[in-house]
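These are the residues of each chain, in order.
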Amino acid sequence: MTYHWDFHVVGQYLDLFLWGVVYTVLYTTGSIVIGVVLGALACAARLSSWMVLRATARVFQELFRCTPLLVQLLWVYYALPLLLGTSIDNRAAALLTLSCYVGAFYAEIFRSGIVSIDRGQREAALALGMSRGQSMRRIVLPQAIKRMLPSFINQSVIQFKNTSLVSVISVADLAYMASVVNGQTYRPLESYTVMALFYIAMLLPLTQAADYVEKRLRASD
Amino acid sequence: MNDVTGDAPILEAIGIRKSFGPLEVLKGIDLSLGRGEVVALIGPSGSGKSTFIRCLNMLETPTGGTLRFRQKPIGKDFRDRGDTVGIGTLRRHVGMVFQHFNLFPHMTALENVVEGPITVARKPRREAEEHARDLLAQVGLSEKCDTYPAHLSGGQKQRVAIARALAMEPEVLLLDEVTSALDPELVGEVLNVIRRLADAGMTMAIVTHEMAFAADVARRVLFFDQGTVAEEGTPETIIAHPTSERLRGFLARFHQ
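Which chain is which? The protein sequence lines are A and B, in order.
What the first sequence shows, in our numbering, is residues 1 to 221, in sequence order.
What the second sequence shows, in our numbering, is residues 1 to 256, in sequence order.
Among the clues, some could well be false.
Over 12 Å on every C-beta distance to chain A, these chain B residues come out as not near it, computed from the model [unchecked claim]:
hint, residue
1, Asp7
2, Leu23
3, Glu24
4, Arg35
5, Arg126
6, Asp183
7, Phe213
8, Glu231
9, Arg253
So, partial list: chain B residues that the calculated Cβ filter (under 8 Å) puts toward chain A [to be verified]:
hint, residue
10, His100
11, His106
12, Gly116
13, Thr119
14, Val120
15, Glu130
No wet-lab data here; the hints were simulated from the structure.
All C-beta atoms, glycine included, are put in the ideal place defined by N, C-alpha and C.
Make the full structure from the sequences, and use the hints.
What follows is the structure, encoded as C-alpha cells:
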C-alpha cells in the first residue's frame, strides 16, 4: 500500500464535522426525549384494560418495529407528503421518525419491565389501601425501572448510531457532513475515518457508563 | 369507628360466589367476624379458602354475594360513595399477610412498615417511624430495622410483613397460609407472633394447614370443601371430634 494519508486537507473542514456532531447529538437526545414520552404512552396503553387502546398501541409498535428505520425515513419524507398534500420539512420528518422508531422499542422495554414485577408486589400495595396509581409509583415502578435500565441504555446507544440514517434525507448530521467533506476533498478514506472516530469518541464513554451502571445495579440486588 | 356495638360483626360475607371462567370456585360462602374473634379456615388445597379470604379485602372481586364492613355494604369503587364503603377504605382497615410475604425488596424492613402509614394514612414520617420501630420490636426484629428483605430469613420476612400490616392499625387481619412457604424450623416464631395477636384481641381470619395451631388459637373453624363450607364449629367439634367422612379423611393426613 502506498496510500498517502492526508488528514490536513480534511482537517480544514473540521467546522463541518463539528456542526455534524452537534446535529447528531441534538437528533439523538431529541428523539430519545420524545421517544420516552411516546414509549410511556404506548406502554400505558398496552397495559390498559381498554381493548381499543391496547390494539392501537400494538399497531403503532409493530409498525415501527417491523420496518427498517431507513424505510421509515424514506416513506415519511417522500411518500407521506403525497398523502397529506403538503411537503414535510426534512428535519421535522427525521425527528418524528426517529422518535416513533425508538418510542416503539422503549414501549416494549417499559412494558416488559413492569410485567416482570411479581404480582404479589402490587397485591401487597393494594392490600395496604394504596390506589392503583400509588402502587404503581411507590412499589412497581421503582423496581421495574431498575430492571429496565440496561435495555434502555442499550437501545439509546443504538439510537445514537441510527441517527446517521437521517443523512439520506439530507439532514446535516455527522454522516452527512462526512460525505460533504468527501465531495469537496475527494478523500473518502480520511473523511469517513474521521467520521468513524467521532462516533467512537462519543459512544465509547456511553457504553462504558452503561456497563458500569449495570454492574452497580446487579451489586445492589 | 365507635358506632359498632359490642357483638355486631365487623366484617361480614353473605353468599359469596366466585367464578374463574366456567369454573365456580366459591359456591356461596357466609362468614361473620365479630370483634376480637379468630376464625380458622381449613380444607384441602383448591377448596377455595384462599380465594375466599382474598375476597374479604377485594383482592378478588366476588362474582356474587355481599360483603359488609361495619354493617355497611362494600361498593365497587375505590372511594366511599354514599352509604357504601369504598375498596380503599376497606383495605385500610383490613390488613393482609401473604403466603410469600410480598415484602417490598427496594425498601428496608422499617421502610416497608412505614410505607402504608405514610403513603396511605398520611401520617407524619416521624410518628410513623416511631410506631414502626415499636412494631418491629414486638415481632422481635428491633435489630433488623435497616435490613433489606433479601438479607432476612423467611421467618423474619414474614414477621416484618405482619408488622407492616399492623402498622395500618387494622381492625381485621387476614392471614393467607402465612407459614406454608417457611422452613419447618421457622414456623414456630411466626405462629408465636400470631398467637400473641390473638391474645391481645386482634380480629383475624386465618387460612392455615397448621391444625394444632388452628385448634389452639381459633374460636371457630370452617372446613372448606369444593367451594363450600362443608362444616363449621368450634375447634373441639371440627378438629378434635370430626364426624363426616370428608373431614376425617382430610384431618387424618395431619395426624401421622
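Now for the hints, and whether the structure bears them out:
no.: 1; hint: Asp7; in the structure: 27 Å, holds
no.: 2; hint: Leu23; in the structure: 19 Å, holds
no.: 3; hint: Glu24; in the structure: 23 Å, holds
no.: 4; hint: Arg35; in the structure: 20 Å, holds
no.: 5; hint: Arg126; in the structure: 19 Å, holds
no.: 6; hint: Asp183; in the structure: 19 Å, holds
no.: 7; hint: Phe213; in the structure: 22 Å, holds
no.: 8; hint: Glu231; in the structure: 29 Å, holds
no.: 9; hint: Arg253; in the structure: 27 Å, holds
no.: 10; hint: His100; in the structure: 6 Å, holds
no.: 11; hint: His106; in the structure: 5 Å, holds
no.: 12; hint: Gly116; in the structure: 4 Å, holds
no.: 13; hint: Thr119; in the structure: 6 Å, holds
no.: 14; hint: Val120; in the structure: 4 Å, holds
no.: 15; hint: Glu130; in the structure: 19 Å, violated
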